[in-house]
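K.L.:
Sequence:
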Amino acid sequence: MSTSSWLASDAQSPDLISDDVPEKRHLRVGFVALSDAAPLVVAKRLELGHEHGLTLELSRESSWAAVRDKLLTGELDAAHSLYGLVYGVQLGIGGPREDMAVLMVLNRNGQAVTVTPSLADAMTRTGDLREALASLGRKPVFAQTFPTGTHAMFLNYWFAAQGIDPLSEVSSIVIPPAHMVAAMEEGGLDGFCCGEPWHAVAQARGLGRTVAVSSDIWPNHPEKVLACRRDFVARYPKTAQALVRTLLNACRWLDMPGHREEAAGWLAEPAWVGAPRDLIAARLLGDFGRMQGRHALLAVSFFDEGAVNYPHPSDGMWFISQYRRWGMVGADALAGASRTANDVNQTALFEAAARAEGVPVVSLPASEVLCDGKVWDAASAADLGAYVEGFAIRAR
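Residue 1 is where the sequence shown starts when you use UniProt numbering, and the numbers rise one by one after that.
There are no misleading hints in this set.
Only pairs whose alpha carbons sit at most 27 angstroms apart, straight line, appear in this in silico DSS-like list of lysine-lysine:
no., residue 1, residue 2
1, K70, K238
2, K24, K70
3, K24, K238
By construction, these hints were calculated from the structure, which means they are not laboratory data.
Construct the complete structure from the given sequences, taking the supplied hints into account.
P.N.:
Structure follows, in structure tokens:
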């Protein structure tokens, strides 16, 4: 279905019921130059917010630290955000503490680990990550995008699953996603973990090879979320719900045939991501180049009949468990994890928005087996202390 046909078929009356009128109608929403910012870019390009009384102004931010800072100062009303950024701020890890809100999940999967060609060759030759890293003759240097973010936690998890202590055996540095390729070109990195299309760009330029995708580490993991401060939800509840409804429609649009290719053209524009369209499109569609055929690879998912978008509190609890595992929080954070996650993740607001848009409410979290064979499920979330103690490699 063409974009114009979809808009026409989905259109509703422009007259909002008075009870549904947002308290704040012009919103400044931040994003970082990544392919998984697609729901925001689609919402803006198609002006999907107008149906719900909203005008969106998108603000491209240079780093996740900038997103955090501008959410805290109120320069941004909401943002495309790392899941772990929200929880890092909520817990006051490495910076100011503020009560935060996750309104919905914007995507699952879609991240990767890319290493230099020489290290990729060593991994192929030895079949063992530890042995391949030893061939460097020094401590390896890997980059991630934010200290409490998905990429930092996934790199740690990936290394530890292969018997490597990320705290003592790897140097980890923070680099904004769009700067990863330049850092690889300068020769200061052995590898990096971030979102697309920067892995595709590095590989196309011969600077790196993608050796793992994030769904290898945790299949169907939560990734970017729609985030804001919790006082924004309290002050503007109708606005928050209207924003969720808008972005649910954008996520649904991305699941329709041909729409990811169309979105790739928009994302390629300098105002949004500014990378080659073909590279963006390929990985949006699950084409990982040389990795293809190695095993089943899960592409980034945006909607899946609403299964992607529910903000499960247990997802937030997984991040808290990893912060404890790596010594970033104390035992008290585990004891209060359920309450923290239920305060942060705005499930009631999401459910109301989803029902208003006819989106199924998938409120039961899935049980998944991670790359080390450990299961993350309701039982794991119910006893986080035991879950963390079950990891042989952790901070002591």
